[in-house]
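Undergrad: Protein chains in written order, with my numbering: chain S, 1 to 360; chain U, 1 to 360; chain R, 1 to 387; chain Z, 1 to 387.
Bear in mind the hints are in silico, worked out from the structure with no lab data behind them. Some hints could be false.
Said to hold, decoys possible - With the Cβ distance kept under 7 Å, some of the chain R side facing chain U (calculated, not the full set):
{"#": "1", "residue": "291"}
{"#": "2", "residue": "292"}
{"#": "3", "residue": "312"}
{"#": "4", "residue": "316"}
{"#": "5", "residue": "375"}
{"#": "6", "residue": "378"}
{"#": "7", "residue": "383"}
As the list claims (entries may be wrong) - Covered stretches of chain Z (in silico footprint by chain S; criterion: 3 or more residues with CB under 8 Å from a CB of chain S, positions within the stretch not fixed):
{"#": "8", "stretch": "290-298"}
{"#": "9", "stretch": "371-383"}
All residues carry an ideal CB built from backbone N, CA and C; glycine is no exception.
In case you want the letters, here they are:
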Amino acid sequence: MSIDADRLENIRMIRDSAQAIARRGDVRRARDWRDRLPGFDRAVWRKMGDLGWIGLRVDEADGGSGLGMLEFCALAEELGATLTPEPLVAAAAAVRLLGRNAGSDRLSGDRIVLLAWQERAGSLDPAGGASFAGGRLSGCKRLVPAADGADEFLVTTESGLVLVPRDAAGLTIELLPAQDGGHLATLHFDGVQGELLPGDAGRVLDEAALATAAYLLGVIEGALALTVDYLKTRRQFDVPIGSFQTLQHRAVDLTLQAALTRASVESAAACLDGGAVGAEAQAAVSRAKARASDAAMLVTRQAIQLHGGIGYTDECDVGLYLRKAMVLAPAYGGAALHRRRYAALQSPMDDIVDGVADGP
Amino acid sequence: MSIDADRLENIRMIRDSAQAIARRGDVRRARDWRDRLPGFDRAVWRKMGDLGWIGLRVDEADGGSGLGMLEFCALAEELGATLTPEPLVAAAAAVRLLGRNAGSDRLSGDRIVLLAWQERAGSLDPAGGASFAGGRLSGCKRLVPAADGADEFLVTTESGLVLVPRDAAGLTIELLPAQDGGHLATLHFDGVQGELLPGDAGRVLDEAALATAAYLLGVIEGALALTVDYLKTRRQFDVPIGSFQTLQHRAVDLTLQAALTRASVESAAACLDGGAVGAEAQAAVSRAKARASDAAMLVTRQAIQLHGGIGYTDECDVGLYLRKAMVLAPAYGGAALHRRRYAALQSPMDDIVDGVADGP
Amino acid sequence: MTTPTQTPDFDALSDEAFRAAVQTFLADHHPRHLRNPAKRLHWDEARDWYLILASHGWLAPSWPRRYGGMGLSASKQLIYVDEFERFGAARLPDHGIILLGPLLIRHGSEEQKSHFLPKILSGEHIWCQGYSEPNAGSDLASLRTEAVLDGEEWVINGQKTWTTLAQDANWIFLLVRTAKGGRKQEGISFLLAPMDSPGITVRPILNIHRHDEFCEVFFDNVRVPKSNLVGEINRGWSMAKALLGFERIFLGSPRQSAHALARLKHLARHLGAWDDPVFRDRYTQLALDLADHNALFETFADRLRRGESLGADVSLLKIHQSELFQRITDTMMEIAAEHAGLLDPIGGDRDLDPAGLFLTARAATIYGGSSEVQRNILAKSVLGLPS
Amino acid sequence: MTTPTQTPDFDALSDEAFRAAVQTFLADHHPRHLRNPAKRLHWDEARDWYLILASHGWLAPSWPRRYGGMGLSASKQLIYVDEFERFGAARLPDHGIILLGPLLIRHGSEEQKSHFLPKILSGEHIWCQGYSEPNAGSDLASLRTEAVLDGEEWVINGQKTWTTLAQDANWIFLLVRTAKGGRKQEGISFLLAPMDSPGITVRPILNIHRHDEFCEVFFDNVRVPKSNLVGEINRGWSMAKALLGFERIFLGSPRQSAHALARLKHLARHLGAWDDPVFRDRYTQLALDLADHNALFETFADRLRRGESLGADVSLLKIHQSELFQRITDTMMEIAAEHAGLLDPIGGDRDLDPAGLFLTARAATIYGGSSEVQRNILAKSVLGLPS
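The task is simple: from the sequences and hints, build the whole structure.
TA: Written out as structure tokens, the structure reads:
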């Protein structure tokens, strides 16, 4: 999956531009927006539109940036490293599904559309929960992030996608507070008028799962950087605690998990960018999301432990990383779910494994 | 499970008497008998008879010592700590099943009878593999330890127990070399004349499983003592390697596993001695054997690692502990099998767990 | 303020009868809404329960009867704590009862005993503990808060942290440095101070639940009478350390993990994971770990029942229980799917709160001596490994 | 002795064409009975294969063509090793090819190069490596075998250990102490010695498989010419360390674990565990770990392909691969039931040998730098944590 130099340079530029919103490790915005509706900053959202991030995966012909998953993942990783609260993954999924209907106001950030696809926790099926008949949408979609800040929702149904304004009659939004200080909403549709659009969310959900894995990679790296820094500066028993071998080895193990997550996410992105579809693409995504979810929980848990007492306080930033991991590790499928899906698919490693088995 | 002082004193005496055969940690006899038939010392066997060990679980009325599982486990643990090669568990199971037919020559060690109960690897069912009809035994029993040194076998069948002399016509013994330098035999019966005796091996197999767990506890403690001693004496980078915090913490974790194994084995023994039968007894045995098997593999593996290069050589005793664990961790059911059995039984902890669930 | 009644002679009861008496007492008297609280109770919430225990003479199980305690044997103390934990009884602001009381009884002057002990039992004095400092977490002995004798008064300057519920307390007992040089464990003394002393400032710290369970306590020229010194000057360290003998077993009690495992089972049934063989295998391993932990706990309890004292190896219990508790809540999080990221329990059912219990469990391996420090101690004092 | 033919210009081939060429070469020439050997081959077993490779000019992939090597780019060396491992090609007594050759090419005199390199390629000289010592395992730099210059000869005294296949070698290259005082990494020199020198004694060590793969080598007043010094005196340490740049990636190759995972799958099918959901979940986790390891390996390989050199972080690969290999064989043992305790493969099928592979895997975290030492290095040099 060697990447050519021009593309690497582009990816570097996207990463740099992300620093314009917050520098790596600076989680003050994330802290400020906790428990405040809508949970994110609309001005920052418009800036994201200006930078071409919302439509990053939308074709250039449709007004988007037309970039690949490697670019999207690099961006999501940077956002994760600052715990950026804006709902980029859910919005990017929506405009990508809208495609030529995405429209300049949505891509610019003036209008916020979020994908509402999930019937229930622990499922990856976008078809259930809501039905569309006679021009009316009924049912329920759950676990929509940042819904209070949305202007519209793009709702998946068995009949196709349905675009619904946030203030449509018959739509009730119930906000469930989340561990990261944001909310996950349940949308109740009671005969809501909406616009039916063609489209299949399957592939886009995989892209969103992978982007979430990349965001978690950023969370991992942010938590790890904070922790390694703490190990270097905090002193106990007259020495920096980072000189204790047990803590050193644990930091190395967490670094290994970060490295595996990066390799997993980037190889999955390259796989998708390389044109993989169907089982091959799904297996790559499941692998990356399973790794990222498990690693994010492990690293942030251990980050608390390595901080000791201070790590258990609300004022220490390390808890913000843990709470974000608690929300995103299960989003778009947690580790157990993706492990099951991976096992059910023809694993790409099976060839390698079976190939070796042909012994003499 | 408080034990009264007299009994504790008895158990201490049994432990002391075990030192007469080999002192804790002295594994020279185990090394000497590797790959030499019959794999153990018949003179030592007679001494074990003299000490009342072979019939330790046989009623006093039948010529045995009439002691409980706590005593048997204490003895087995001591034997494990010296990797004693004599097949006490398989012989004690046979004479316990023989009961009033055990006979003084078997209890004294003059005549060696071993239980042959297993049809195939990974099973706890004593009924399969061999059948008895018209006074003739046919079929196959596997994985019998130290069979080359036996004078007779007590064979489990659906019809009952069948006692067969080792030199009976139609009995073929195939020896499979084992990792500990002994052998596990397959006994092929082709219309062998034998004596049918009443008895059900079920309970005795549970006792043998528990005694094997106790033997493994001794293996764990032997390997751990050797390793802690090595950590104190071996120097690298100008200090004893036992001063490295990572190795210290690992040694503590292994010590914790040893402590859990002891608690598990001794509480199971007390449970059986207290009259538990059926599911309660089986659950206690499964718990102890699952713990002992897993802990023995963990501790002996880590003992190799903590010894470094020298641990990977044949001349280092630590490998003998590992290889004994490889043989006995799966014997009478390995960890996975006993975990499954435990789950299938009404777990004694369920009461505790369910009791707590009655919240307000 | 109620005054405690004279306590009955519990030692006359058999262990079984005493266990039944505790169960009956809890069933009859414990306020229903305080069972299994999600967080540590503040004084205004716990007060009624405190006074109920006080009025029946059930507040101080370990104190001798002549000081108003229950005078329980080790065996009965184990039963008392076990039943309280099994019932899910609310934990009190109990530093006066568990820590200060026994220390005063052992090291305090007659005046200190007769003045302070009754006020603990009556609820008039609620104590907090000032041991930890910001730069001396696990390395407690390097504490720097100092007290200087000025005439008939100690003048205290410095800062304590992790002081549980200091905002509710009206008295604090604290370790202070009264001499410098030499081993850092030397030169530490044990002082008592009213929380309303001029110069004391309390700043609550929000924990990861955003609950104000801990505080920082600042001392700025706080003056207390010379007589507020407990025991000998510069001997506070060993006094405070020795205190934590018997109680250390309770840090390894199986009840917290048993409680969590019950919640895991309940959650798995609610979410439909109970019949998944992969889940069940993990659950079974956790159940086995709990059962073996219980067996190990009992071997230490047996030692206490036989009148033996516990060695450093009792820390094995704390390490295993705290890590088991965490593994149980980790498993909850894995099966909870998106519920793991929500702030409130599933459907408002407090028994279905994976995220809350998971966060609570984070503290178990940190407080009461971190797992790392416990392992250091075990390696040296039990295994004899070199420094 | 055959002399190597002039090697073709492999750089003219595309990576794909080269990969195909390696596959064809192996299929055509590798002795069938030597595939996936259960143990390290002795010279008498490996000799034919060594000479086949030599006669085709395929013996030394990393050496420049002018010295008789294949002159492969980093990219093609990765392919070469990958295909050899995938095929299960037998490992040669290759210390002369992999370690000494590149060191001589970089630091040797013209005489040394022209004398020794052809004899490596012809199989006339089989080399072993004398680095480790009994009291200097992980702490290699504390080695004590010393060489003293006596006129025109070095006189060597001391002992080496873990010398792989020393009993088969006719030459040894070794690190010796030639100066004392100062940092222990200084004062170490690199010498060459014939194994038939008077005073050299070889004692094979049985490993845990009871295979004589290693030896102790004793030096008792062994005399070699002054000209057997390679490079500058007292500079041997940095020379030997620098050598292990490129090759370190192969310690983290995914092939060993891929091979083991294939065996695990085969074993599970044979034993009927394949359809057990609990097993399958564990297998899937291992397969995911392998796939991610493969991805991580490729990121390091990409760096080499771009002409970058690898930093200390390449050790992450070795740590993960060796521990994954062990977890795979641990899983084999868990499903193997009583077969785990037998000495021979199940039914004599070499692909069903859980115990054998489990024992082999024990070495992975010890040799080539133990996992503990690798973590020490990573903590300091990659994370910058303090000593």
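Undergrad: For every hint, state whether the structure bears it out.
TA: Here's how the hints hold up against the structure:
1. 291: Residue 291 (chain R) check passes; min Cβ-Cβ to chain U is 5 Å, inside 7 Å.
2. 292: This hint holds: residue 292 (chain R) lies near chain U, its Cβ roughly 5 Å from the closest one there, short of 7 Å.
3. 312: 11 Å, violated
4. 316: Residue 316 (chain R) check passes; min Cβ-Cβ to chain U is 5 Å, inside 7 Å.
5. 375: 4 Å, holds
6. 378: Hint on residue 378 (chain R): holds, closest Cβ of chain U at ~5 Å, below 7 Å.
7. 383: 5 Å, holds
8. 290-298: holds (count 8)
9. 371-383: Result for this restraint: holds, n = 8.
Hint check: a violation occurs at hint 3 only; the rest are consistent with the structure.
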